[in-house]
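Visitor: Protein chains in written order, with UniProt numbering: chain U, 1 to 452; chain L, 1 to 452.
Check each hint, because a few of them may be wrong.
Derived CB-CB ranges, DEER-like [said to hold, decoys possible]:
hint : chain 1 : residue 1 : chain 2 : residue 2 : range
1    : U       : MET37     : L       : ALA119    : 58 to 64 Å
2    : L       : GLY122    : U       : GLY426    : 48 to 54 Å
3    : L       : ARG116    : U       : GLY426    : 41 to 47 Å
4    : U       : PRO323    : L       : ALA119    : 32 to 38 Å
5    : L       : GLY422    : U       : THR239    : 45 to 51 Å
6    : L       : PRO308    : U       : THR305    : 52 to 58 Å
Calculated from the structure, these hints are not laboratory results. Computed from a prediction, not measured in an experiment: that's the story for all the values here. For every residue, glycine included, the Cβ atom is placed at its ideal position computed from N, Cα and C.
Next come the chains, spelled out residue by residue.
Number of protein chains: 2
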Amino acid sequence: MSLDELCATVGAADVVIDPARMAAYQFDWARVPGAGMPCAVVRPRTAAQVQAAVRWAASHGIPVVPRGAGTGLAGGASAIEGGLTISLEKMTAIKIDPATRTAVVEPGALNAAVKRAAAAEGLWYPPDPSSFEICSIGGNIATNAGGLCCVKYGVTTDYVLGLDVVLADGRLITLGGKRIKDVAGLSLMKLFVGSEGTLGIVTRVILRLLPEPPPASTLVAVFPTARAAAEAVVEMGRTIRASLVEFMDGRAINIVEDYTAMGLDRSAGGLLVIQSDAPGAACAQEMQRIEAVCLAVGCSEVYRTDDPQEGEAFLSARRAFFPASERLGSLLIEDVGVPVPTLPDLLDGISEIAARHDTDIPVVAHAGDGNTHPNLIFDGADPAARERAEAAFEEIMQLAIDLGGTITGEHGVGRAKIGALGAQLGPDVMEVTRAIKAALDPQGILNPGSGI
Amino acid sequence: MSLDELCATVGAADVVIDPARMAAYQFDWARVPGAGMPCAVVRPRTAAQVQAAVRWAASHGIPVVPRGAGTGLAGGASAIEGGLTISLEKMTAIKIDPATRTAVVEPGALNAAVKRAAAAEGLWYPPDPSSFEICSIGGNIATNAGGLCCVKYGVTTDYVLGLDVVLADGRLITLGGKRIKDVAGLSLMKLFVGSEGTLGIVTRVILRLLPEPPPASTLVAVFPTARAAAEAVVEMGRTIRASLVEFMDGRAINIVEDYTAMGLDRSAGGLLVIQSDAPGAACAQEMQRIEAVCLAVGCSEVYRTDDPQEGEAFLSARRAFFPASERLGSLLIEDVGVPVPTLPDLLDGISEIAARHDTDIPVVAHAGDGNTHPNLIFDGADPAARERAEAAFEEIMQLAIDLGGTITGEHGVGRAKIGALGAQLGPDVMEVTRAIKAALDPQGILNPGSGI
């Protein structure tokens, strides 16, 4: 192995080998323990440089970790000791094509930048992870990211029309294009979406855009218990297509109120923020039906607004949860999802696990999808507290599996959950997974130890 | 190889070996020449019988052709001489779960039966191939079928939440479930959708359902030229989310008028049938915008109705095209798709190809998606006419590829287009395809010679 060779093939200006600078590339937001120091960080500006870097790594059998904006919550971009990290941060071009309602995007472009570029043409890129201001499209593709609006508008994979991918041997393939429907050959594009950097490195994406939706109305409903709020979600899911259905439990409400003092009801057991973007008068009708469901399951207070700014203010309580909880200690961020009707049982179960393991576990959720984020908060300096939190983390995943759910709804498996993947998928699906991995990356150099 | 062994393991009552009865399983609607006589047709009632049949075939190295309702338009279900055809026609159970808004469906259930079962619970299964009354969900999964409403509501893969699949070695795996979001592991489920029976045989599907949409309004617009109609489609695609955008060219209009005498304008060069299902007053607004676009590009006549029955009557002209053209001679049904802005050029190019090869090629299209069905009509008894039609068929596929499109938008590759797949995908994507095929079906027994 020769770093000189790497610098020569990629261009020395885009290779970082200074350990002090490389330290910034060791972790993502999950801060999964055990990240190593890479041998180099390549920051390509072109797909050809990605190919050159991968070819160099392949020729030396060096593991490759692709990295977007580093906001991942499962450790999928954690550096490997002696491995090559390829950071796509410099590949940020965005080109909107209004005629085809598509965006051609490089992987380092931020989700918010794509949204802004689309909006400038009266168009809309729906997927909206909570981190949309700071996460990259490449990371969104790698994890098949979700978000708040996906209860009505779907997740990242639903908007991917085309991908350029650098394979493990350095070849570049182009999948899909600006055509909307295409069933020629295997759905390889869909296979690469959500593959967490284990099958290839995406260097260009064609995203489908929609016309901008009508302005949304917002409803906030306060419930005496978390279970009652969840039951409202289940009930409205049968017949209503809300464009956003977010949940906070009582503990999450209090953490946000401690942080923001915005006047939330500290006695509430659960809170829902719900939006409808049905056009015109249909919006008010949908809001009335949503309100009726909330009242029927016993909500103690409900408030509605058609003012988008006021609506965003309510949503800001939900968005404040992550910074509000981050300052309380170390975090393990869960991402379990269940069939919507089992949401009440999942919340009850998490509450029981929190009590039994004496761990603070506030819960927020993209409730309309059954996708929850129990955040385990603990004193990172206390090994016993960490052990309890880790045990609770594992139990919550098993609970979700037992309820017919998943260990991860949108964050990905990464390194944080790789040990639990087999429990969800079972040995036969794991074997199929390994067979496909071996077919596309026989050396196993792409993000080993993560994702699958 | 022993058919006695097959009968013993599957159950003789569900095995057909009489050649006279097996003849009904030799072709699908594409009637691609060269179908053989299978050694047996298994008609399983359970997934366990599918497993047993596949294990028997695997142990003898016998090719397996899965078959749904036999309405495929690419020869994907054509029987192989001496192969085993597995017809899923008896596995037709449908169970609607309103709480999760899902349907658990066996592959032989007809698309229309799923729609009806969902409607009985106030729910809706959107994908609607033109053949929805007679095509099976298993076939829809195999081809990732589209239809008329997918311009707004997406294609089959967008509604698949779970699959049970029998692999090439007879193992049964379960992918996904009733959870809406799930990113754990590779997107294997999406890989199996559209794989045309080459990677496994689906024995159970979990489909996502939506609440029933509002009633649609319908607009019919008549244009002097096909190109003008296509330009209207391009223009409205930038800003309007119609729920249906169907096209017929002048030749297709005349063929339907010959058949139905419904009073269509025989002098028209193109006709659009467009629907909006926006709720309440928004629908009329959307219709007005659509009408304005049609008038702006020079449509000669436009008619609107809010009466769903009258709307369906207009759509019946479009639906009558297949039976109307079928009686005129032998058919080669194209399914090419292009980026929507290139639709006018595609239509012009098809017209030029038709003239040059002296072949009758009326065109209908799911125009809002850029997915067209040029139907090549020729005298099957005239070898020269067949040769000209086949040459035109190939040229139309190449034209679509040259315009950034696909050789198949919704019918699949099957045996009809397998020779053209490489021209679209290129050698590297073909190699990745073969690597995945080899990983999942090392013996190559699943639908060889078709799909990929």
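Visitor: Now, for every hint given, state plainly whether the structure supports it.
Guide: Status of each hint after checking the structure:
1. A hinted range of 58 to 64 Å for the beta carbons of U:MET37 and L:ALA119 is consistent with their spacing of about 60 Å.
2. For the hinted restraint 48 to 54 Å between L:GLY122 and U:GLY426, the CB-CB distance of approximately 35 Å leaves it violated.
3. The beta-carbon spacing between L:ARG116 and U:GLY426, approximately 34 Å, falls outside the hinted interval of 41 to 47 Å.
4. A C-beta distance of roughly 46 Å is found between U:PRO323 and L:ALA119, which places it outside the suggested range of 32 to 38 Å.
5. Checked against the given bound of 45 to 51 Å, the beta carbons of L:GLY422 and U:THR239, roughly 47 Å apart, stay inside it.
6. Distance hint check: the CB atoms of L:PRO308 and U:THR305 are about 35 Å apart, inconsistent with the given range 52 to 58 Å.
Violated hints for the displayed structure, listed by number in ascending order: 2, 3, 4 and 6.
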